[in-house]
Amino acid sequence: MTQDYFDFTKKLFALEDISHKKEALKGLRVLDLSHMIFGPTTAKVLGQFGADVIKVEVPYQGDYWRGGTYWGKYWKHSNPLWHFINPGKYFVGIDVKKPKGKDLILRLAEKADVVIENFTSGTVEAWGIGYSQVSKINPKVIYASLSTYGQYGPYRYFPGWDLLAQGASGVLAATGHPDTEKYFKVPDFFGDFFPGYFAAMLILIALNYRERTGEGQYIDGCQAEILMRSLFHFTYSDALGKDLERTGNKDPNCSPSGIFKTRDGKFLALGIATDKQFQSLCKAMNRDDLARDERYQKAAHRLRAEHAEALYKAVEAWIKEKDADEIVTLARKHRFAAAEVMDDVQISNDPWRRERGSVIDYRDDMYKKLVIEGPIAMLSHTPGRTKWLTRPLGYHNRYVFKKILGLSETEIRELEKERVVGNWDYRVGQRPPIYHDITKDKIFNYEGGEDH
Amino acid sequence: MKGVRTIKERVYSRYLQKKGASKPLSEWSQFLSKMMAVEGKAEALDDMVVLDLSYANFSGNVAASFFAEAGAEVIKVEPPEGDPSRILSPYGANRQGVGIPYLMESRNKRHITLDLESPDGRENLKRLAKQADILIETFAPGEMDEWGIGYRQLREIHPGLIYIAISPYGHYTAKGKEMAEMPWTDLTSQAESGLAALIGDLPSAPEPYNWPTRAGFYAAGYTSAVGAACGGLIASFFKRRTGEGQMIDIATADAFASCVGFPPTIGYVWKKPRIRYGTLDYGLCPYGFFKCKDGYVAIACFRDQDFRAALKLLGKWKIEEDWKTLLDRITDDIDKVLELNEVVEKAVADLTYGEINEKFSAYSVKAARSKWRGGGLPVTTKMLTAKEVLQERHWQVRGTFSKVEHPAYGVVTLPITGKMSKTPLRVKWISANIGEDNDYIFKKYGLTVTSQGV
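Chains as they are written, first to last, in the working numbering: chain P, 1 to 452; chain E, 1 to 454.
Honestly, the hints are just simulated from the structure, not real lab data. All figures in this text were calculated on a predicted structure; none of them were measured in a lab. One should not assume that every hint holds.
Calculated cross-link-like contacts (lysine-lysine; reagent style PhoX-like; alpha-carbon spacing at most 25 Å) [stated by the list, open to error]:
| id | chain 1 | residue 1 | chain 2 | residue 2 |
| --- | --- | --- | --- | --- |
| 1 | P | K136 | P | K98 |
| 2 | E | K34 | E | K324 |
| 3 | P | K403 | P | K440 |
| 4 | P | K140 | P | K403 |
| 5 | P | K182 | E | K387 |
| 6 | E | K428 | P | K97 |
| 7 | P | K182 | E | K382 |
| 8 | E | K403 | E | K428 |
| 9 | E | K422 | P | K140 |
| 10 | P | K266 | E | K272 |
| 11 | E | K23 | P | K100 |
| 12 | P | K276 | E | K177 |
| 13 | E | K422 | P | K136 |
| 14 | P | K442 | P | K76 |
| 15 | P | K242 | E | K291 |
| 16 | E | K271 | P | K73 |
| 17 | E | K177 | P | K333 |
| 18 | P | K403 | P | K417 |
| 19 | P | K73 | E | K324 |
| 20 | P | K417 | P | K100 |
Generate the whole structure from the sequences, applying the supplied hints.
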């Protein structure tokens, strides 16, 4: 029966069928006024599942993350770590600080289902493109303001980003070894990405509600607060009257648990959640004595600090004498959780992730091959997909202004002359790759007609 | 704190002081203050029924919580002995046998028991599923199918059903099949999805401090949960338009890599894995929390002008020449970066957080007033523990923590977010007794009570 089931799911989720399947959010338009990572991630999710996302940037400057990267490494005149945050969007350059620029943004907002921004609290209101202004011309709009400390409360004017949000929310204080002076942050801007997905969830809730009632609304997406939502530390602290200290490699919710070094020098995570899994582990370890020990029968007892430590030591000694593969095979056979620690290259080359579609060899018209991550959730009927990678700053100006706002070529030229709209300067991250002939690019020079 | 706040406002609210901005802004504050109130507001998803069958997998519990906060009727279906994730709790801490994480996620849910090993239990589940919009399950891939209540069977009796499956390697692919029996933990998900490899001290530090390290919370579990909820809501939006249901598959071994996206692309472009970076940052320096006299303080220099400002304020201007531009401070050369980092470490060690904050704020006021915008805006904050966060007035004003009283569990503190002007997310009650709502739910959905129990 299991054989049969996997044949069924193989067809249900076949990667080759994705491009022919429907898109759940098709027809929705998202105006993405955000920058860096938090807001752009939120807009990206909606775009992956079919919404048209128009990303507005400042001409000749652009999103700061265009020019950012790790270790100074650039790729094809762009930041390689920017493409997977803003794929499939329409890129326009409009200067909000010029009155005509503000009007253009309002005209786009009038035609949008969702507007997303992540400036410091109150900034968009002062610019005249906030919810109070947009909702007057578009009452059904769902407008999400995303920020570190939220739109109200005494800290609302504090600027912030991932690092500060991790420190202020309690996330930073949770990670590291208990007997040291070092606290480790969760890397790769987790404090932007996780809240980014969370904010997408809030917008999706609002979209479901609008589908029922026709009503739009305002969303105050607070980065630090969203990180707090993922911590059980507050409930713990208040119930026990003391903070939960850092626990290094061990998970205090699972016993035994830890990240161990194997005989072949690899790192392996192992965690035991249920009583049944503990019995399985003992069998795999050939430790009948532990299996029968009164102290370890029930999870609630195993989790006690002294018992957890004793079991940790036993598992550590056992794993030291085994290769990582052996342990994973035993874990699979006996049904307890063990997994090798995977690094960047292992993940990037993983055949399982490729077959699954969670790591994709993407081929783009402009940038050619890049390996990127797939959607966070796999949907059988309306799967997410990547339509293109990013594009240079202002690349879709003509396409968007002509098609959506009905501007003429003469009007656009006039706006360009006044620097109300514009595209890139020569800085890395803004311009097209050198091999790309922009003069022959039909979308950049859009004259009308076909859809992109 | 009050003085500091005014300074901050003076700096960062400069846009708000523009001519003609005051009236719309006061209307705006009134709108925002109305947002705080939850009472009497609509619930976005109160036309939905969600079945939560998650078993020994915390991400299922959390995904279901999000639907419950948005107003859906969420029915947690457990075997008669209960879901093992009930007791997964730091050092076993519990109230009346319910662990802290489970208690935290038992908001707005109904608890019933069904024995899915028995034919009667399965019949009852089918009856429930027919009336549900979403079903969440975390059993081994194929297990529900074998019981005759998997997606394949349920979609026959209810084509509009949205079926969310959460498992370590997913319900398709060769590896998914091979590893179907492997259970879930947050720790193994962190390890397998690329997170643990990036946390830990520098290679030069002693073992085990330089080993891969766990993020000290359910980082993978909550990421999978938000992914599952996003998928479920996208599908339910589509269902509202077309009536069509579908299956959603979440692999928890994807959690971190699929959320942040860095590992797959870096693995491809760099061609070699990153080493663990301790408290340093892969992008910038100085960019992190540094130990000061009375805690840990953020020194985060984004732009050159922020760096210059920080050096002046920390009394280290004389090194500026060696580290002038961002290009000089790229963190690929670890020894070089450590040199700069140590200068900052030493400068910060002698100051208190209050001193640093005061210097930084005063400088920012001056820089913001200056017409020349090259002065930099150094910002900082203090690292807080959970206990300290709970005392912050800002979060009290925002209602970030809900205190709920329960006859058996006492007063429980729960974080809640999702500030929406028309349909805010909320905590209405907590309940976690096994089978607490059997009578109510069995009657409401027409389930059969059998002689063996339920």
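Practice prompt. Assess, step by step, whether the Cα of K182(P) is no farther than 25 Å from the Cα of K387(E), and give holds or violated.
Written response: Roughly 19 Å separates the two Cα atoms, so the pair holds.
Practice prompt. Starting from K271(E), check that the Cα of K73(P) is at most 25 Å away, please.
Written response: 12 Å, holds
Practice prompt. For the pair we were handed, K23(E) and K100(P), check the Cα-Cα distance against 25 Å.
Written response: Holds, at roughly 22 Å.
Worksheet item: Straight-line Cα separation of K242(P) and K291(E) no greater than 25 Å?
Response: 22 Å, holds
Worksheet item: Going straight from one Cα to the other, do K182(P) and K382(E) come out at no more than 25 Å?
Response: Measuring from Cα to Cα gives roughly 14 Å; hence the hint holds.
Practice prompt. Decide if the proposed pair is consistent with the structure: K266(P) and K272(E), CA atoms, cutoff 25 Å inclusive.
Written response: Holds - the C-alpha atoms of K272(E) and K266(P) are around 16 Å apart, at most 25 Å.
Worksheet item: Under the criterion that the straight-line Cα-Cα distance not exceed 25 Å, is the pair K428(E), K97(P) satisfied?
Response: At roughly 44 Å apart (the allowed maximum being 25 Å), K97(P) and K428(E) break the hint.
Worksheet item: Would the pair K403(E) and K428(E) pass a check requiring their Cα atoms to be no farther apart than 25 Å?
Response: This hinted pair holds, its Cα atoms lying about 10 Å apart.
Discussion item. Just to be careful, I want the Cα atoms of K422(E) and K136(P) compared with a cutoff of 25 Å; is the pair within it?
Written reply: 16 Å, holds
Practice prompt. For the pair supplied as a hint, K403(P) and K417(P), confirm whether the alpha-carbon distance does not exceed 25 Å.
Written response: 21 Å, holds
Discussion item. What's the verdict on K403(P) and K440(P), does the C-alpha distance respect the 25 Å limit or exceed it?
Written reply: 19 Å, holds
Worksheet item: K417(P) and K100(P): Cα distance at most 25 Å?
Response: Judged against 25 Å, a Cα distance of about 12 Å means the pair holds.
When held up to the earlier numbered hints, the structure conflicts with 2 and 6 and fits the remainder.
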